[in-house]
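S.K.: Chains as they are written, first to last, in the working numbering: chain F, 67 to 421; chain P, 67 to 421; chain H, 67 to 421; chain S, 67 to 421; chain B, 67 to 421.
A portion of the hints provided could be inaccurate.
Copies of the same chain look alike in the list, so a pair counts if it works inside one copy or between any two.
Claimed, not checked - In silico EDC-like links for lysine to aspartate or glutamate, alpha-carbon gap of 20 Å or less:
id : residue 1 : residue 2
1  : K418      : E276
2  : K189      : E336
3  : K112      : E218
4  : K189      : D264
5  : K356      : E266
6  : K189      : E263
Rather than coming from a laboratory, the hints here were simulated on the basis of the structure. These figures come from a predicted structure and were not determined experimentally.
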Amino acid sequence: MPRFVMKRAQEKVGLTPGTLVHIGERKIEKVRIRIIDYDETQLEEKEVKTVEECFPFKDKPTITWINIDGLHDVEVIEKIGKQFDVHPLVLEDIVHTEQRPKLEDFGNHIFIVLKMLYYHKEKNELEPEQVSLIFGSNFVISFQERVGDIFEPLRERIRKGQGRVRKSASDYLAYALIDSIVDNYFVILEQLGELIEDAEQELATNPTVETLQSIRAFKKEMVFLRKSIWPLREVVNSLKGGELSLIHESTGIYLRDVYDHTIQIIDTVESYRDMLSGMLDVYLSSISNKMNEVMKVLTIFAAIFIPLTFFAGLYGMNFEFMPELKWHWGYFMILAIMVLIAALMLAYFRRKRWL
Amino acid sequence: MPRFVMKRAQEKVGLTPGTLVHIGERKIEKVRIRIIDYDETQLEEKEVKTVEECFPFKDKPTITWINIDGLHDVEVIEKIGKQFDVHPLVLEDIVHTEQRPKLEDFGNHIFIVLKMLYYHKEKNELEPEQVSLIFGSNFVISFQERVGDIFEPLRERIRKGQGRVRKSASDYLAYALIDSIVDNYFVILEQLGELIEDAEQELATNPTVETLQSIRAFKKEMVFLRKSIWPLREVVNSLKGGELSLIHESTGIYLRDVYDHTIQIIDTVESYRDMLSGMLDVYLSSISNKMNEVMKVLTIFAAIFIPLTFFAGLYGMNFEFMPELKWHWGYFMILAIMVLIAALMLAYFRRKRWL
Amino acid sequence: MPRFVMKRAQEKVGLTPGTLVHIGERKIEKVRIRIIDYDETQLEEKEVKTVEECFPFKDKPTITWINIDGLHDVEVIEKIGKQFDVHPLVLEDIVHTEQRPKLEDFGNHIFIVLKMLYYHKEKNELEPEQVSLIFGSNFVISFQERVGDIFEPLRERIRKGQGRVRKSASDYLAYALIDSIVDNYFVILEQLGELIEDAEQELATNPTVETLQSIRAFKKEMVFLRKSIWPLREVVNSLKGGELSLIHESTGIYLRDVYDHTIQIIDTVESYRDMLSGMLDVYLSSISNKMNEVMKVLTIFAAIFIPLTFFAGLYGMNFEFMPELKWHWGYFMILAIMVLIAALMLAYFRRKRWL
Amino acid sequence: MPRFVMKRAQEKVGLTPGTLVHIGERKIEKVRIRIIDYDETQLEEKEVKTVEECFPFKDKPTITWINIDGLHDVEVIEKIGKQFDVHPLVLEDIVHTEQRPKLEDFGNHIFIVLKMLYYHKEKNELEPEQVSLIFGSNFVISFQERVGDIFEPLRERIRKGQGRVRKSASDYLAYALIDSIVDNYFVILEQLGELIEDAEQELATNPTVETLQSIRAFKKEMVFLRKSIWPLREVVNSLKGGELSLIHESTGIYLRDVYDHTIQIIDTVESYRDMLSGMLDVYLSSISNKMNEVMKVLTIFAAIFIPLTFFAGLYGMNFEFMPELKWHWGYFMILAIMVLIAALMLAYFRRKRWL
Amino acid sequence: MPRFVMKRAQEKVGLTPGTLVHIGERKIEKVRIRIIDYDETQLEEKEVKTVEECFPFKDKPTITWINIDGLHDVEVIEKIGKQFDVHPLVLEDIVHTEQRPKLEDFGNHIFIVLKMLYYHKEKNELEPEQVSLIFGSNFVISFQERVGDIFEPLRERIRKGQGRVRKSASDYLAYALIDSIVDNYFVILEQLGELIEDAEQELATNPTVETLQSIRAFKKEMVFLRKSIWPLREVVNSLKGGELSLIHESTGIYLRDVYDHTIQIIDTVESYRDMLSGMLDVYLSSISNKMNEVMKVLTIFAAIFIPLTFFAGLYGMNFEFMPELKWHWGYFMILAIMVLIAALMLAYFRRKRWL
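With the rest of the complex left out, here is chain F:
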């Protein structure tokens, strides 16, 4: 639930727009800054202690990827923002980790906010992490909330010079980063898909209140997923649209590919939603069916034994003159009648298919 509402909004109310305040959980101890600087022929990779060490890369013609893990130290963000001419509002968005995915074009650089999701098994919840990208003609700066391994395969590809990345401009690097994030959604969807399948099986065999609760929990996660995936689609749509001067035409096909993926994700989320709604219907009807079962048992017992008990009571009356009581076979006759009644009732219920 707290994921659905902006946190600590009250603290921000009334502050000057552009004031840097880190909003969100502090997820790691220390800010970590890693730089990869490369072109087709050379590669330099290092981890730096101070943000100032990044500055010289600004004017190098090679492509520089600065990766900053940890957003709580607003000073670092501020310094790098100033050095790379980034608008204060952009910096505010970077450290305020409850942005909606969006893209903002500033001509010489583009700012992108994205959401990366992790599935937290214990809580049975998706955990969002905000990833921001700023990229200009020769640099990409990526901001993450914590040290993650999602970009590691890409880093490896750059080191080994695999694929097009070393031969391409910064827009391809930005694409590769976004692609990594979008691919991660498929992993999430696969995990959720299996869990939903489990819940469906549970529903078919033994639906309990817990089944309902997990159906509802999944529905909530779908709402949550939609909240990050729809604006993500818009972001990728703007990128592929061909109106951003920083995006080269040759990168277009790759971005269209990512765009197809976002649509596939949306399709899958919608399919899941449909399935979960269907499961809810099944759950509700299973409650009614159970009640029917219970009622049938009650009714069968009542309908068989209540008449029998009446007959037993009848001949338990103490009237002085009750001729049947004197008959020698009276008791056995009444027993036979009772068996007959019971048999008739059973036959009746069998014909009604209650048995």
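Take the given structure of chain F and dock chains P, H, S and B to it, following the hints.
M.R.: Same frame as chain F, now just chains P, H, S and B:
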């Protein structure tokens, strides 16, 4: 409920359009007029008694912010309207406090109606307050229904010269006012979010009719929120669109920021709605589950004791010839049979998982 | 219900398009024709017997408002149509009182169909009346199904020269007529709003089948309202769009005002619909809650007395050898046991919060 | 149901596109070809035996309306198609009677497919008939599945020279044919409306499972109606759009009139759907209400008699020492107590409003 | 369920875009390559062993259709891709069998992904197969997951020179392939339609939990169908749009025809969905009705026998002084009273229409 329908509509029917009639609750005693006049180097702040004292500011090159609290004195509104060349219909909208948020461009001034919301704890309702803005190239006039503290931090920033406000034109001041109002929505959403969370917990532990009523109450507030937030989004969209001559390009990024916020608010409201619908489903199924519970208890009692009672009745019959009655261990045999029957029934219900 | 389907459609099938047939209820005895002819300085008002008396006004430069109450005399409509060069299909639409609100531009005159609604208390239904307007540069002809008082305040304003109407062209008169009709919707909404509020209170205190029926009746009225208000909005939108040569720019702001009103009406109707849906949910869950109540009462009685009855039956058996029966305190012991069982059951139900 | 899926699709799979195969029920014995050839001054009407007799009319300047009833003889269709230069795919569409309504412009002729509906009382179903029109500058060819009387009034008008049809071009004739078909929808809607009204009354007085079935049947018919009316609206929209060279401007207002009618039909269908959904809600809640009724009866009986039976059982016990049994008035006292208990229970249920 | 989520997504994460990895089930043993090369006068058809044998056809002016069945051998795909200048991402899409239908235009060739569906009776599921097409001015390459017979009729038409295909360019061949696939959807819909009809009949006569499960299964298939049919419609829409240089104008009418078919398919799917939703409502209300039935039986038995049993119990009491017991006709009187009570109760229930 009364918040959902235009009040005293009947009184207005047939009046000449443009006739000033204050419609809405009178929330304060006396109209209060405050003026802040500033540019980058100087600042004048005062509270005036008569509306006429505002007039000299009209032609000063400095930026003047006239804040009027209280709309019941239509004469004040009329005078200031005439002085600042405002269309009579605009004045009518200002004093008629049941407008939909909207923007109207008159070339030399822009008129904006917004809704500010307060959460009223006792009534468990959102209370709307209408805030209107008129701004031209060197003035902003803001109209509120009562004296509020929502603009106080902005006032403080102007006094201290913090941020860009003193260095910017009147459009930035208008933006800052709108931003304050939009920020306030997040506060409201946070409050509601916590209350919805409480209701959800209640639903999980002990759902009562009151839970249903509060779910419904929240749903109604969501309908109410939507009614002010969707047109608010349109207003901000028009402002950021770049087609209004009074809005400078440099203010664009700030307005886009506000626009992102309105979309985030809409997203959150939609998420809340989804959650509340889900909660309703859970409530309804919890009623069914409870009924199942009740029925099970009844059925178990009936199914166990009705056969036993029958057997007791059977041997309570007064037939003269009932051999079992004569048997010495007859009574204990029948007791044993009864215990056996009860045990079998219990085993049966346990296998059905009713116990 | 009959309001939802075109009446006497069968009679019309196969007729030549443009044939004048009055379709709808005949609401008044005799057609009544009233004329107001005015400009800024002079005013002539009269009621005429024959339609021919209207003709001389056609070529006068002053603005002429011809108001025709009663549509059953198609000859009157035909004559005035011919005189003012109105297309036969337009005349057909005027007398066929089941049009959808619409606007048709013929260059030198504009044709508008609107729906006026009355709330009929006995039937608890909205009753529609069709109002058609034809206006050219110097005339407005309005057609109503019966003599109404909705335009009386406007007539008064023309007589007294209040507001802008005497100083403006025919488009302002047309606007004023439309404005009167739109204002009337607010009155209707207010009435309905109060009735819905009453139903809501009833729902909270004592929901009956009648409550359901009135909720449904209101829902139907909302469907009915939507059917006239959405096309009304389109009509006003076309008017304010600035593409009609007969509409002067100065009237634009007034039409935008009316447009805002139509949107507010739509908003309110949607809010009502949402509320009524919510009320339906509450009603349905209240039925379930009641059933729960009933079942609890049954179960409590059954679960307490069935075991007790069994014990009573047990010692009503006639076995010869039942040692307990001989015990002196046997009866009182069994009474004590029964009280104990009853007390335990009550405690159990109390713990389950059924009591 | 079969109406909802394309029939004999399997037979067609793999055939060369443009192969003429009649798909649909054969509704009449023999193809019937009728020709009306007219202009303002002359008229020739005849029924021909062979399709070749139509050919000479192709090049006459007069307007020729060829009406073909029966589509099973593909040779007839093929010949006329070749003579009038119609594309093979168009001919395929004509004989394949499961088209969606559509319009195709070929410059020198326009092809229109429409659906005519009949209400089949016994089946309680709408039956579709496909009507296709091809019209060029001096001819209109109409194809129907069987001999119908829907165009008879139009034919009469042509014969008598009523209305504009004799004075107008072929586009007006095409309009008149479409208008006849659209008018027919109103007849259908009126019939359905009355039946829905009946079902509603039934629902209010004595809802049974049949009521549910007829509600559902009507809902299905609404789905069916929508399927033909929405594309019909598109067809008429294209016609009135002013972009088809074969449509004269003077016909525009007539087509706009038809367009208004299609929107009215859609409105009515939507209203019906809303009403039917509401009726479903009422039906479902009426089931619950009935169950409540049943449960109340059961509970009242059980709650009154179960305690009484217990007391009767109590004094039926055979303990040797039960002092009350010896009391002279014991029996009457216990009778009095039983009456008291019953009275108290009745009072309790009355207070709960169950009685 | 696995059909709803992208498979083996995790394996792909982090790979260089453009890496060829076959994703999907391997459906056949060996890749099969068939070539048909033709123009109006000549035809060559052969099955080749190695992909290299296709290469010479690239530069022949005749139209070459290369059909590749089996996608697991990525090397084959890679070689043919290189030879025909296909972008690596396209090749990736071909072998990744979980694409969304799409069209990509590369100027000199067009790439299309489509989904073919098979209905798998045992699983009661639709099975997708991915079909990809690449076509340039003189070639069409089609990729299927397994050897299918869906294109066989087309192949036959080419061999025999039926229809337009031999006389047309490659775009017509591509159209013919797409048309075959779209036609196949009708077959699927017909099969599903019959099964849904069966389920509906079952619902009317004897609804069980299995009926609910099959309704839900069909709903899922509808979700699945929508997922392939909506993007298919977009693909055909782009093709017919007239903006692709490879599509000749004369093929336009054929593509519009296919487009009409896709819309008809969508219409049918939506109708099915509506029907299935209606069936769900019926199922749910049938459960409630059954419960009502059960309750009525219980209540009738209870209401008749509980009072009777009470009377029996009453005269089973052992009070010393109970005058009735001494009466000679007491027993018969009480029997008569019991019969009377039972008759009255039966009459009461009959009046309530429970019997």
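S.K.: None of the hints should be skipped; say for each whether it holds.
M.R.: We went through each hint and held it up to the structure:
1. K418 to E276: between (33 Å within a copy, 18 Å between copies)
2. K189 to E336: neither (23 Å within a copy, 23 Å between copies)
3. K112 to E218: Classified as within: same-chain Cα gap 14 Å, cross-chain 48 Å, threshold 20 Å.
4. K189 to D264: both (17 Å within a copy, 18 Å between copies)
5. K356 to E266: Classified as within: same-chain Cα gap 18 Å, cross-chain 23 Å, threshold 20 Å.
6. K189 to E263: both (18 Å within a copy, 16 Å between copies)
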